[in-house]
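To convert, note that position 153 of the sequence shown is 300 in the numbering used here; the numbers rise steadily by one, no gaps.
Be careful, since some hints might not be right.
Unchecked claim - Label pairs and their in silico Cβ distance ranges: (1) SER167 <-> ASP187: 18 to 26 Å; (2) TYR292 <-> SER204: 25 to 33 Å; (3) ALA264 <-> GLU218: 34 to 42 Å; (4) PHE233 <-> LYS275: 16 to 24 Å; (5) LEU177 <-> LYS280: 28 to 36 Å; (6) ASP171 <-> GLU218: 18 to 26 Å.
By construction, these hints were calculated from the structure, which means they are not laboratory data. What you are looking at is a predicted structure, and each value in this text was computed from that prediction instead of being measured. Beta carbons are placed, not taken as given, at the ideal position from N, Cα and C, and that holds for glycine.
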Amino acid sequence: MKVETYSGKFDDEIISLILSIQNDEAKIGLSLGEQPDLMDIHSCYQQPGGEFWIALSDDKVIGTIGLMLKENHCAVLKKFFVKKTFRSQKVGLSLYNELLKYAISKDIHHIILDTPAVAHASHKFYEKAGFFKISSAELPVAYSYPDRDSILYLLNL
Numbered sequence: 148m149k150v151e152t153y154s155g156k157f158d159d160e161i162i163s164l165i166l167s168i169q170n171d172e173a174k175i176g177l178s179l180g181e182q183p184d185l186m187d188i189h190s191c192y193q194q195p196g197g198e199f200w201i202a203l204s205d206d207k208v209i210g211t212i213g214l215m216l217k218e219n220h221c222a223v224l225k226k227f228f229v230k231k232t233f234r235s236q237k238v239g240l241s242l243y244n245e246l247l248k249y250a251i252s253k254d255i256h257h258i259i260l261d262t263p264a265v266a267h268a269s270h271k272f273y274e275k276a277g278f279f280k281i282s283s284a285e286l287p288v289a290y291s292y293p294d295r296d297s298i299l300y301l302l303n304l
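Produce the complete structure using the sequences and hints provided.
This is the structure we're talking about:
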């Protein structure tokens, strides 16, 4: 397994993995059209100063994570997904560690994220990593997310 920054080489696999986990596993019902960042990762993540990483095994995408920079030393963790058969192999931790190193290098003080209420394993990961639940009124910056049954988290670095 290796982690690398997004290059545009695996777009179809990235989209397929994310939509499969969102809709087949979590039953969230999000369409690609509701996630325009997936159709232009470079412009939505990298160009404004953030980053997007993929985890690969045998040149196949097995995980993703993105960091969108916001104002006031804030960023948003997005699109953190790992293929089910690789979840016990520390793929998520490897992706998260890349994101964290990058956030620190960019002088990010707060990372926010939204996650489906049904994603209990994700909640445990985030809470173990130091994130805590917040309300939308506690968001340190303006942040819109799909109008779903989401839980908001904040990490102070």
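Cross-check of the supplied hints:
The beta-carbon spacing between SER167 and ASP187, approximately 20 Å, falls within the hinted interval of 18 to 26 Å. Between TYR292 and SER204 the C-beta distance comes to about 29 Å, which sits within the given range of 25 to 33 Å. At about 28 Å, the CB distance of ALA264 to GLU218 disagrees with the hint of 34 to 42 Å. At roughly 19 Å, the beta-carbon separation of PHE233 and LYS275 lies within the given 16 to 24 Å, and the hint holds.
For LEU177 and LYS280, the hinted distance range of 28 to 36 Å is not satisfied, since their beta carbons lie about 21 Å from each other. The beta-carbon spacing between ASP171 and GLU218, approximately 35 Å, falls outside the hinted interval of 18 to 26 Å.
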